[in-house]
Amino acid sequence: MRIKKPKANFSNILSVIIILILIIPQTRRQLQLALNTLIAQFPPYIESRSERRDIDSFEFELKHINGEDFNLYQAKYKVTIVSFWATWCPPCIAELPSLNALYKDYKNNVEFVFISNEDPSVLKKFLKENSYSIPVYTPKSEAEDIYFKPRTLPRTLLIDRHSRIVVIEEGARNWNSEKIRGVIDKLIVGDIVY
Numbered sequence: 365m366r367i368k369k370p371k372a373n374f375s376n377i378l379s380v381i382i383i384l385i386l387i388i389p390q391t392r393r394q395l396q397l398a399l400n401t402l403i404a405q406f407p408p409y410i411e412s413r414s415e416r417r418d419i420d421s422f423e424f425e426l427k428h429i430n431g432e433d434f435n436l437y438q439a440k441y442k443v444t445i446v447s448f449w450a451t452w453c454p455p456c457i458a459e460l461p462s463l464n465a466l467y468k469d470y471k472n473n474v475e476f477v478f479i480s481n482e483d484p485s486v487l488k489k490f491l492k493e494n495s496y497s498i499p500v501y502t503p504k505s506e507a508e509d510i511y512f513k514p515r516t517l518p519r520t521l522l523i524d525r526h527s528r529i530v531v532i533e534e535g536a537r538n539w540n541s542e543k544i545r546g547v548i549d550k551l552i553v554g555d556i557v558y
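In the working numbering, the protein residues as written are 365 to 558.
In case anyone wonders, no lab produced these hints; they're calculated from the structure.
Any given hint could be a false lead.
[Stated by the list, open to error] No farther apart than 20 Å at their CA atoms in a straight line, the calculated lysine to any residue pairs in the SDA-like style are these: (1) Lys427 <-> Asp469; (2) Lys550 <-> Gly535; (3) Lys442 <-> Gly535; (4) Lys471 <-> Asp420; (5) Lys442 <-> Asp418; (6) Lys504 <-> Lys543; (7) Lys468 <-> Ile381; (8) Lys442 <-> Val486; (9) Lys513 <-> Ser527; (10) Lys504 <-> Asn430; (11) Lys492 <-> Asn473; (12) Lys471 <-> Lys513; (13) Lys550 <-> Arg515; (14) Lys550 <-> Asn473; (15) Lys492 <-> Arg525; (16) Lys471 <-> Asp418; (17) Lys550 <-> Ser485; (18) Lys471 <-> Ser421; (19) Lys513 <-> Asn430; (20) Lys440 <-> Lys492; (21) Lys489 <-> Asn464; (22) Lys489 <-> Asp469; (23) Lys543 <-> Val474; (24) Lys504 <-> Val486; (25) Lys427 <-> Asn540; (26) Lys440 <-> Ala465; (27) Lys513 <-> Asp420; (28) Lys440 <-> Lys550; (29) Lys504 <-> Ser485.
Put together the whole structure using the sequences plus the hints.
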């Protein structure tokens, strides 16, 4: 009498491999980063003019990681990108290359404010290891406006010179897309987008 051997199903094997990868801490972060990098290929959603919300208060005291004080109010009448992020956050890490590329091209026309609660030495090390040149700040005070109090990281906002939110995204996105660049170009010259 012959005993039938159960056939291994490809989906069962794949499921076991994925579970093992997620259980092993050393591979979990790499898998999360890879998945978030895939998600970050999509550009952010541009809010229509009727959906845009106003920033009520730009009062938010920050300190640059090199020590200089900065108040977000200084950016009130400028096109501004504010990004809340952390070095331990895979979606943040996934979208930083696109934000860094945007910063390199628009730093003279757009105010960039990257905010993290981490120790400045950790932030400096991360920026150096990844060759990022973005301006990073840590909070000195609590923000007054609800939009500057993220519950999820990353949270990135594109704000026009009239203090209206043009884009607000939570999660990894491609900020260096042609779509976003087109919107920023219009905002810089004062055109109304949408």
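Verification of the supplied hints:
1. For the given pair, Lys427 sits about 24 Å from Asp469 by alpha-carbon distance, which is inconsistent with the 20 Å threshold.
2. For the proposed pair Lys550 and Gly535, the alpha carbon gap of about 25 Å is over 20 Å, so the pair is violated.
3. For the proposed pair Lys442 and Gly535, the alpha carbon gap of about 24 Å is over 20 Å, so the pair is violated.
4. The straight-line distance between the Cα atoms of Lys471 and Asp420 is roughly 25 Å, outside the 20 Å bound, and the hint therefore fails.
5. For the suggested pair Lys442 and Asp418, the alpha carbons sit about 14 Å apart, so the restraint of at most 20 Å is met.
6. For the proposed pair Lys504 and Lys543, the alpha carbon gap of about 34 Å is over 20 Å, so the pair is violated.
7. Taking the CA atoms of Lys468 and Ile381, the gap is about 40 Å. The hint is violated against a cut of 20 Å.
8. For the given pair, Lys442 sits about 29 Å from Val486 by alpha-carbon distance, which is inconsistent with the 20 Å threshold.
9. Between Lys513 and Ser527, the direct Cα distance comes to roughly 16 Å. Compliance with the 20 Å bound is thereby established for this hinted pair.
10. A distance of roughly 14 Å separates the Cα atoms of Lys504 and Asn430; the hinted pair therefore holds under the 20 Å criterion.
11. Restraint check for Lys492 and Asn473: not satisfied, since their Cα atoms lie roughly 24 Å apart, outside the 20 Å limit.
12. A hinted pair counts as satisfied when its Cα atoms are at most 20 Å apart, and Lys471 with Lys513 does not qualify at roughly 24 Å.
13. Taken as a hint, the Lys550 and Arg515 pair is broken in the structure, with Cα atoms around 30 Å apart against an allowance of 20 Å.
14. For the hint linking Lys550 to Asn473, the alpha-carbon distance of about 12 Å falls within 20 Å, and the restraint holds.
15. A hinted pair counts as satisfied when its Cα atoms are at most 20 Å apart, and Lys492 with Arg525 does not qualify at roughly 31 Å.
16. Simply put, Lys471 and Asp418 have alpha-carbon atoms about 23 Å apart, too far for the 20 Å limit, and the pair is violated.
17. For the suggested pair Lys550 and Ser485, the alpha carbons sit about 37 Å apart, so the restraint of at most 20 Å is broken.
18. Pair hint Lys471 plus Ser421 does not hold up; C-alpha atoms about 23 Å apart against a cutoff of 20 Å.
19. Between Lys513 and Asn430, the direct Cα distance comes to roughly 23 Å. Violation of the 20 Å bound is thereby established for this hinted pair.
20. Simply put, Lys440 and Lys492 have alpha-carbon atoms about 29 Å apart, too far for the 20 Å limit, and the pair is violated.
21. The straight-line distance between the Cα atoms of Lys489 and Asn464 is roughly 16 Å, inside the 20 Å bound, and the hint therefore holds.
22. The straight-line distance between the Cα atoms of Lys489 and Asp469 is roughly 23 Å, outside the 20 Å bound, and the hint therefore fails.
23. At roughly 16 Å between alpha-carbon atoms, Lys543 and Val474 fall within 20 Å of each other, so this suggested pair holds.
24. This hinted pair checks out: Lys504 and Val486 have alpha carbons roughly 17 Å apart, not beyond 20 Å.
25. Annotation: proposed proximity of Lys427 to Asn540 is violated, straight-line Cα distance about 26 Å (limit 20 Å).
26. Note on Lys440 and Ala465: the hinted pairing is violated, with a Cα-Cα distance of about 23 Å set against a maximum of 20 Å.
27. Note on Lys513 and Asp420: the hinted pairing holds, with a Cα-Cα distance of about 13 Å set against a maximum of 20 Å.
28. A C-alpha spacing of about 18 Å is found between Lys440 and Lys550, which places the hinted pair at or below 20 Å, so the restraint holds.
29. At most 20 Å may separate the alpha-carbon atoms for a hinted pair to count; Lys504 and Ser485 meet this at roughly 16 Å.
Hints 1, 2, 3, 4, 6, 7, 8, 11, 12, 13, 15, 16, 17, 18, 19, 20, 22, 25, 26 from the earlier list are contradicted by this structure; the remaining hints agree with it.
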